[in-house]
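Visitor: Okay, here's what each chain looks like letter by letter:
2 protein chains.
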Amino acid sequence: MQLTGQQLIGQSCYSASGTPIWAINPATGKQLQPGYLSGGKEEVDHACELANSAKIDFRNTSTEERAVFLETIAEEIMNLGETLVTRCMQETGLPQGRIEGERGRTCGQLKLFAQLLRSGEWFDARIDPSLPERQPLPRADLRYHKIALGPVAVFGASNFPLAFSVAGGDTAAAFAAGCPVIVKAHSAHPGTAELVGKAIQNAVSSCQLPEGVFSLLYGSGNNLGQALVTDPRIKAVGFTGSRSGGTALMRLAQARPEPIPVYAEMSSINPVVLLPQALKNQAIKLGEEFIGSLTMGAGQFCTNPGLILAIKSKALDNFIAAAHQAIEQVPAQTMLTPGIYQAYTNGLTSLNNNGSISSSSKGLSSDQPNTCQAAFFVTQASNFLNDERLANEVFGASSVLVECDDFEQLKNLTQQLEGQLTACLHMEKADLTMAQSLLPTLEEKAGRVMVNSWPTGVEVCHAMVHGGPYPATSDARSTSVGSAAIDRFLRPVCYQNLPQELLPTDLRDGNPLGISILVDGKRSL
Amino acid sequence: MQLTGQQLIGQSCYSASGTPIWAINPATGKQLQPGYLSGGKEEVDHACELANSAKIDFRNTSTEERAVFLETIAEEIMNLGETLVTRCMQETGLPQGRIEGERGRTCGQLKLFAQLLRSGEWFDARIDPSLPERQPLPRADLRYHKIALGPVAVFGASNFPLAFSVAGGDTAAAFAAGCPVIVKAHSAHPGTAELVGKAIQNAVSSCQLPEGVFSLLYGSGNNLGQALVTDPRIKAVGFTGSRSGGTALMRLAQARPEPIPVYAEMSSINPVVLLPQALKNQAIKLGEEFIGSLTMGAGQFCTNPGLILAIKSKALDNFIAAAHQAIEQVPAQTMLTPGIYQAYTNGLTSLNNNGSISSSSKGLSSDQPNTCQAAFFVTQASNFLNDERLANEVFGASSVLVECDDFEQLKNLTQQLEGQLTACLHMEKADLTMAQSLLPTLEEKAGRVMVNSWPTGVEVCHAMVHGGPYPATSDARSTSVGSAAIDRFLRPVCYQNLPQELLPTDLRDGNPLGISILVDGKRSL
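Residue numbers (our numbering), protein chains in the order written: chain A, 1 to 525; chain B, 1001 to 1525.
Derived from the structure by calculation, the hints contain no laboratory data.
Among the hints, erroneous ones may be present.
Claimed, not checked - Derived PhoX-like pairs (lysine-lysine); straight-line CA-CA distance at most 25 Å:
no., chain 1, residue 1, chain 2, residue 2
1, B, Lys1312, B, Lys1429
2, A, Lys522, B, Lys1522
3, B, Lys1362, B, Lys1411
4, A, Lys146, A, Lys411
5, A, Lys411, B, Lys1146
6, A, Lys522, B, Lys1146
7, B, Lys1111, B, Lys1146
8, A, Lys146, B, Lys1285
9, A, Lys280, A, Lys411
10, A, Lys146, B, Lys1146
11, A, Lys314, A, Lys285
12, A, Lys312, A, Lys411
13, A, Lys111, B, Lys1522
14, B, Lys1146, B, Lys1411
15, B, Lys1312, B, Lys1285
16, B, Lys1285, B, Lys1314
17, A, Lys314, A, Lys429
18, A, Lys111, A, Lys198
19, B, Lys1522, A, Lys146
20, A, Lys146, A, Lys312
21, B, Lys1314, B, Lys1411
22, B, Lys1314, A, Lys522
23, A, Lys280, A, Lys314
With the hints as constraints, model all of the structure from the sequences given.
Guide: So, in structure tokens, the structure goes:
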């Protein structure tokens, strides 16, 4: 399949006329063809108009129709075969196995939402039947379910060119909810975006959905994104990226005449607490596992373990030594973009120049372009508490271990942390009292609390929360991974006294879809 | 019980030192004793500190403990007996039957949340069991439920001195979620607020909860409210009132270093569409019912029918004539406050001076202070579409009927409406096609869609949505009435690989609370 460098608006392709965007192969530093001419207000207007005219028909498709649509997208992505894998490798510097794994995850994610749609759980259906004889006043017939918010703007992430991008979690959740989607392609992987965009275009067509259900726009700088978020026809925004990018979108969305929700997944340093007994018995193993988690994929994960907390001890010294030793053997890895590489290098320089680092080590270097040399720093709790730069996210394989004098200080430190995506505890039975004492703070600070696990690796399932208090995300009430992500694009509507012919199918008498309904507050299957 | 005029902070009462607030009896225009000296930053700080230290213990109370707490508040409110009813009547000008009814509703609301807590549905519990043999990677044990957001600031409404005030829907929902609550008393009914606040203080004490679970603050002007919303320990805001008040709180909350959700229920004109066949057969009856709904409680309801839409016809002329005739017999009623009365009078003057009114009528006048003379205006669709002042909410018993040339124009007009709390259709079988054509727009514009009902009267139940797109509320994804209101004060947390001893009770093996759980995406009871 030939890449065209065009904007995909509904079922058509258009050449825009703005500044061109070229992908850079980070492994070589060379431009990849074609250039993608930036769109602007005109393209946004066209895509929004189509999305707006499609919204009612799409919202009113049956759950089965939307489930088939999601499955068809997955098929179309697989049909792209090697073309997709090759282009994605060129644009990201990620190895083949990783890209193939991520493709599997992306398709699995689409299928999970298809399963959710068929289960009917997402409706959150409720019926409070009428009580005509009730005194002093009768009760009307009241039925409740959730419906789509309307057209959604999605900003993909650089670090998951498939699973958090054009057909990634935000798009899958919005489609499942019945919302048309307009994606702004990430400028780091425009060719991957076009290939996946074409796959979705094909699925829209073969499922005979209105063309406005999907558009894919390209734009350098902030103009196109701003136009998209401020268009009155857009009703929600999904974003994965930096804190500055996410908070800029939040401000734009709040300043609209009609403010809209922004779901921004931003930054997290994912604290890992090593409790004494676990350290005592497993220091070396934990040190090695830690470096494995830290350096996986050049550390370019939202859930990378950027902060380790532990109480000073001989065992902790062993952990630190094992980690120093392990990291020194980790080969340098190509980072996603020259910009990410530069930011990583700046982050390391800042930590290296910070006077409060007691020891540090780094991975192997390389003379290849844009390669991440892993880094591990050790500091003291008093320094960490007094210098917020030590808690800044350095996106990539860099982590800071904070040595605490005692449990009190460690607990106090966890209470000072910002919101996080994850928090991990390494513990054994003898650590239970400390774990119980820390748990209320950890669950308050993070969307996911783990025991004897490392934070990298996010399961796509029903019980996942990939979210957390600000600034980990813009909205702690939501998740961007897992089937609960659909809730971000839904709102409840109550129907009072509607005749059967007007009621949505799922709420009609006799439960025609066979779903689980809350009747008078009681769960009925 | 003697009113003290003091701030209730935790279990203590304090005299503040700011500008005093006196309630005014709107029926007489006279001040009521005592004066409530305004608090400020100091009182906010104290209340927030207590709330913050109570938050973990309160969040970790069992559902049964919180259910009993809510029921105890209801009992304590009933124990206030005539004292509460009398003071509330004096402060609001509302008749005894209405106050007693609202007291019943308030207690019923507390009990509904107790029922919800015991059902366990609010946890939204999910378990995806571990799959240790899965290839290529095993799945960890993942469990999910919702937990309290943290301390909540509540701003009560003037028009429901009990049901949307100190122990109203926001407070009940936040307590049920496990969030400490700090209420800013509405300055129109400070004595009612103190009585109910004391009832909650008693319940906190007799249930042996930490005192920081509840505080009640008084403040004139905006200072105290601003200090409350910007305090970093506050994690969410509930508000019922004007659009300007609600949007000011939204801006404050968004400008915080850590933005927080604001649930503001603001303004709505609650469109009612009269379809041709219903009009043809029931014009007179509908006209009379309309005036009944419009003038109930001096029209001081968020769901007051402020806009009627219909296609020109002889039957519509009959409806209009019946409404004009009915309203002319409606006695004037005392409004809640001199300020509301003044705003209502200004709204009527503006409509009376609007050149595009084709006919109007009004209710009986009165020489008593602050009395609402009901008003009904008729205009043409072309005027309404060109003059947004005709769509402004006039809080009180005022409504505008818009005559449309045909169904096309009526449908177009519904598409231009702002977000609403409710939308009503009056129809008969022959109107079904029109109703089906309008429904997608009505459900997009409103939180509750009704057929052959009038919008006033909001059932407190599980299937209710008292919410809707902006500017009806700040957040269309929520409701402020009914058990689903608890969701506003919760966020999901995922627990990965936790030992049984660390897991919250509801998520432990064997379902010890006997609640409904989503296991691997399938509902299990």
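Visitor: For the pair supplied as a hint, lysine 280 of chain A and lysine 411 of chain A, is the alpha-carbon distance within the 25 Å limit?
Guide: Holds, because 19 Å separates the two Cα atoms, which is no more than 25 Å.
Visitor: Would the pair lysine 146 of chain A and lysine 411 of chain A pass a check requiring their Cα atoms to be no farther apart than 25 Å?
Guide: Not satisfied, since the Cα-Cα distance of roughly 41 Å exceeds 25 Å.
Visitor: With the threshold set at 25 Å, check whether the alpha-carbon distance from lysine 314 of chain A to lysine 285 of chain A stays at or below it.
Guide: holds, 15 Å
Visitor: Does lysine 1411 of chain B lie within 25 Å of lysine 1146 of chain B when you go C-alpha to C-alpha?
Guide: It is violated: about 41 Å lies between the C-alpha atoms, which goes past 25 Å.
Visitor: What's the verdict on lysine 1314 of chain B and lysine 522 of chain A, does the C-alpha distance respect the 25 Å limit or exceed it?
Guide: Roughly 48 Å between the alpha carbons, so the hint for lysine 1314 of chain B and lysine 522 of chain A is violated.
Visitor: Starting from lysine 522 of chain A, check that the Cα of lysine 1146 of chain B is at most 25 Å away, please.
Guide: holds, 19 Å
Visitor: Hey, lysine 1314 of chain B versus lysine 1411 of chain B, does the alpha-carbon distance stay inside 25 Å?
Guide: Holds, at about 20 Å.
Visitor: Check whether the Cα positions of lysine 280 of chain A and lysine 314 of chain A lie no farther apart than 25 Å.
Guide: holds, 8 Å
Visitor: Taken at face value, is the distance from the CA of lysine 1285 of chain B to the CA of lysine 146 of chain A at most 25 Å?
Guide: violated, 34 Å
Visitor: Does lysine 1312 of chain B pair with lysine 1285 of chain B here, judged by a C-alpha cut-off of 25 Å?
Guide: holds, 18 Å
Visitor: Straight-line Cα separation of lysine 411 of chain A and lysine 1146 of chain B no greater than 25 Å?
Guide: Holds, at about 23 Å.
Visitor: Tell me if the straight-line CA distance from lysine 146 of chain A to lysine 312 of chain A falls inside 25 Å.
Guide: violated, 51 Å
Taken one by one, the earlier hints fail for this structure at numbers 3, 4, 8, 14, 20 and 22, listed in ascending order.
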